[in-house]
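Chains as they are written, first to last, in the numbering used here: chain A, 1 to 274; chain B, 275 to 432; chain C, 433 to 526; chain D, 527 to 1283.
Calculated from the structure, these hints are not laboratory results. Keep in mind that the hints are not guaranteed to be accurate.
With a straight-line cut-off of 27 Å between C-alpha atoms, the simulated BS3-like cross-links for lysine-lysine are [what the hints assert, rightly or not]:
#1 K732(D) to K244(A)
#2 K37(A) to K347(B)
#3 K277(B) to K67(A)
#4 K1265(D) to K244(A)
#5 K1265(D) to K248(A)
#6 K244(A) to K1201(D)
#7 K949(D) to K849(D)
#8 K939(D) to K949(D)
#9 K939(D) to K522(C)
#10 K849(D) to K244(A)
#11 K1073(D) to K1113(D)
#12 K949(D) to K522(C)
#13 K939(D) to K849(D)
#14 K522(C) to K1265(D)
#15 K812(D) to K841(D)
#16 K939(D) to K722(D)
#17 K949(D) to K248(A)
#18 K277(B) to K11(A)
A few chain D positions that, by computed beta-carbon distances, are all more than 12 Å from chain B [stated by the list, open to error]:
#19 I691
#20 E924
#21 D1282
Computed from a predicted structure; not experimentally measured. Glycine residues also receive a C-beta, built at the ideal position from the N, C-alpha and C atoms.
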Amino acid sequence: MLMTASHGAGKILAGGTDLLIQMRSGRVRPGTIIDVKNIPEMSTVVAEGGGFRVGAAVPCMHLVENKAFSAAWPGVIDGINLIGSIQVRGRATVGGNLCNASPAADSVPAMIAAGAIASVMGPNGRRELPVEEIPAGPGKTSLAPGEVVTSFYLPHRPPRSGDAYLRFTPRSEMDIAVVGVGVNLTLDENGVCTAARVALGAVAARAMLVPECAAALIGTKVDEAALEKLAAAASAAAQPIDDKRGTKVFRIKVSGVLAKRAALVALRRAKGEK
Amino acid sequence: MSKQHVSTVINGNPVEFLCQPQQTLLDVLRNDLNMTGTKEGCGTGDCGACSITMDDRLVCSCLVLGVEANGKKIETIEGMSSGDGLHILQQKFLEHAALQCGICTPGILVAARSLLERNPDPTEEQVRFWLAGNLCRCTGYNKIIEAVLDAARVMRGA
Amino acid sequence: MLDEVGKLIDPPLVRVVFTAGFSNSYTGGVREFQVRARNMRGVIKQMDDLFPGLGEVLEEDTNVSVDGELHEVVYTQPVYPGSEIFFMPKLEAG
Amino acid sequence: MLTKTKFVAEDLKVVGTRPIRPDGVPKVTGMAQYGADYSLPGMLWAKILRSPHAHARIRSIDVSRALELPGVKAIVTKDDFPEQSFDYIGPDRVAVNYWHMTRNVMAREKVLYEGHAVAAVAATTQSIAEQALALIQVDYEVLPHVIDVDDAMRPDAPLLFEDMITRGMTPPPTKPSNISRWAEFKTGDVDAAFAKADAVVELSFKTSPVHQGYIEPHACLARFGADGQCEIWSSSQGHFFVRAYTAKLLGMNLGDLVVHPAEIGGGFGGKTVVYVEPVAAALSRKTGRPVKVAMTREDVTRATGPTSGSSMTVKVGATKDGKIVAADAVFKLQAGAFPGSPVLNACMCSFSPYEIENVRTVGYDVVSNRPKAAAYRAPGSPIAAFAVESVLDKLAQEIGMDPVQFRLKNAVKAGSPTFWGPKHAHDGYAETLQALMAHPEYQKPLGKNQGRGVASGFWFNGGGESTATIHINEDGTVMLATGSMDVGGSRASMAMMAAETLGVPYETVRSTVADTASIGYNHVTGGSRVTYATGMAVIEACQQIIKDLCHRAALTWDVKDEDVIWENGHAKPASPEVGSFEPLSLKAIAAKRAVTGGPIVTESAVNAGGMAPGFASQFIDVEVDPETGAVKVLRAVCAQDVGKAIHPSYCEGQIHGGVVQGIGWALNEEYVYDKQGRLENPGFLDYRIPVASDLPMIEALMVEVPNPNHPYGVKGVGEANIIPVMAAIANAIERATGKRLTQLPMSPPRVLEALDA
């Protein structure tokens, strides 16, 4: 209601680690700032139907320190743990990371790979949609005016499942992804991949689910041949630009390299190896 | 915009202030409360010189609005040494010459204390990754890492 | 200067050298000179007599090395028989 | 003059130990005040309006609407600064030109880089000042711009100064250009010598400009009184040059301006320039109220002087037994908006570690639409060394010699000639190479995709004018003050040298930095000169105090002055014949100061000479990820001749800091400009300086070859350490991958491109 009342000049304040930088540079001049950190649904992590209901305004460090969630979704935690620095992660939230809609957001590829479903409240009630449908381009989301992402639902994990997120950055920390890859896969008892989701970040106008990458893994034992096909599919799917952080050629190649490496980490985790 | 009233606790002392809604907590600390120990290096959360803890959570005060401090417990560098003596970390930073110009030191000390509260026995790599958010241009980090590890040893009584 | 028996003896002969670039602009390309002086003041005065105005440049714009030891230009800096007095662009740094 | 005391290392009690610095507690408790930490009642806030264009003529500036905004108290533009005459004052290589300087502080006819200051507003609050900036209308005539040094030298390049004729060429060129200066240093016959070489390597290099990266943005507070007297609190690398430049730009007598040294949050050469002080003073003069100016990080990256970007070609020839016979180099350095890159330093330092008969180095100082270049740690030498040390590495490979042995065979020593000036008078280079070879890791083989690179560097180290004052307190404690701004612990080293010379405990010496009204002139803190030159002033002051103390003891004992000597903190009879008097401590003499003549004080000044150069040699191990081009530094072993380490911890700290700055310069730091010449990465996020998790522990090897011209053997330490780093990493990458990179930074996209080529 507050959002609609502010006629589009309203801005949601969760962690604020992107919003305050944009306000300081004058890129954004909000009429009203709406602090959502005290709304229960948005600020808690609860088990629900075998999966997890994660509040959109839960600070990253809160999630990283949640033992159950970290055990279930190590890949999502990989992504969250690369946002900014310890200080930034003390404030930044997964909801903010998604709705700021930077193509290079670190938690988004892992959340997409995990198959997370976003719950959105707006003037005409609540609706659910997969996370990958929310980013619409650099700084733009598909949300209607007045709509707010309140929480995410991460589904139950079948046995022998593993997820992972890797990114390329020139520095080991305090950096923005030049390339980001999230992989989530499930194996059957013979080690054959029965389900997979692969998402790329920072190599297109928005983070994206890449079905061709999943197809390269499903039905295989995620062997060298499958990994080569996965790498080729990732490089093919990438439509990067040259910008101050990386070149097109570099992003296309490294998308493939990281897809392979992330798949191997997810594979190890699916097999229960550390 | 009219100022908002905020009541908070800073370094154990109840503090009330008025601030503009868009005013950052860093700006309030330095320019309204004259607590200039917390430094501004960038204003965009990229250097860590303005690190404080809010409800024991390590954050950049340049990325927190003054109004968000309402009802919170803030700890800054000025609160790190109790009346009679320096905190072990402050003492070790001096002993190891872990600072040269010292502009990054307040932020790093607050961050290091926050680390040791969570992990009393960190490895070198854990210290390096925890402090990755605090930029230093003078020391090359060597002596900072050594001082934090040494302080951790003493605090563990090892 | 008086020797032990009080006889005025000539100041020692010293070698004055400039860098190629410096000599092109100030001493008509000649890089080496022989002058008689007891200290830097004497050297500068002799060179200024040969090239009027050069003294000011030597005092303001150069460092000098006496037998390889680098110095600021100070009048009282002693020079010794056969010393190599090398004037060069002032060494400054950030 | 300084009486030369031959120091003997063994009997030093304080020098060489690691005491806690006297100014440490305020810095670890947040009490220390830096440039932005000062405030005064009635203070106004100032913001600076900066040009959005890289190159434009200013037709007009309309401040009327901004002045009407409630809370705005004054606005200054170029009209508030007197015109300056156009001449180069002072030494050729670092001449100051006030005509340029006033334009760099506040644009006059043209803006010459994005971020160039055009106007400044003083208002009662920061937000009002900010809003006022948006109300100032500047009518720009946008001009084509040029940034890269090679582009700026093209005949059709847009000219920053329509009348600039290259200096240093005889005969001078007829056509104006962006080349402000040409210089050549040569010895022997280079072209003939190449014929005698068995192996010749010639490579071209390009390096990006890089910023000093100090964490504290420039800031100051100025208070101009109605009586024309002004005080400034500013963080800089020398409050005396701040006073000199500010007074000149405002047309004031030096005596009317007092500059107080705030603590400085890093400088590395970048704070030897005035940006905000003249603006704050001009606004304070106009409003009669204190004015604070503080730059943002974006201002610092966009509008303050980095060191030059460069384009270089180096050609070296050697015989197969490893003797370098010929060296020829061209260095083209970006000066930025106004003339004054460190190109002469680059030309002189390039081959200085090596004894070569035939050498020619040519330098070009080239202006371009970027902030005026400022000093950055041994300015010019690291740029030249990246090229020279890479070529020497390739040459050593071609004649099949170990890179350290190859350098050792040509290493200069005391007596070796230089190609730019007098012969060397000091050893120290070979010793740094021997330290590397003695290191246990040097011979150890490395793994897959790993490589070890070797490189060396030379730096002059500075001397110059310094002043120190000492007064003995009534209780015998010592008040020591110098005029040298202390960035990295020099208050500690000064106190140590004083305590050693006076023979008193270190804790009884209080060491401070005095403002410009309280002490004689001090040259800038830079050029690795403070411990050397200001140290000499401190020691001379101590010797004068000792003479006074002996005189007072002589009075007390009714003996002649020369019958009294000073030994570990006490006046003693020179010999038994003088008398069997109890030695008098400093404390005892101080207690009787009134009857023996009054307060015990002295001020002594030096124009220090006899400084020895700084040599550094390093080997760096890296691992290259073949699939992403990422370079990880595994080990950095850095030997440097420190003469005699007064405070070893701070010497090590200088080496650690310089090497890590070099690693950032080598791998990640660069400016990214868009088509309009606007900076795309003005903050600490995308201008990537190394973070703690990027680095191993740096190993500093302090090689001590004492300098006989200094009572404690001191040599400058601050700068030589950054010089070899970029070349050492380039050489390591070549050993790891077989690819020779010749462009800085060696970022992952560039390494990957080379790997896939």
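Run the structure past the numbered hints and jot down the numbers of the failing ones, going up. 3, 10, 14, 15 and 17
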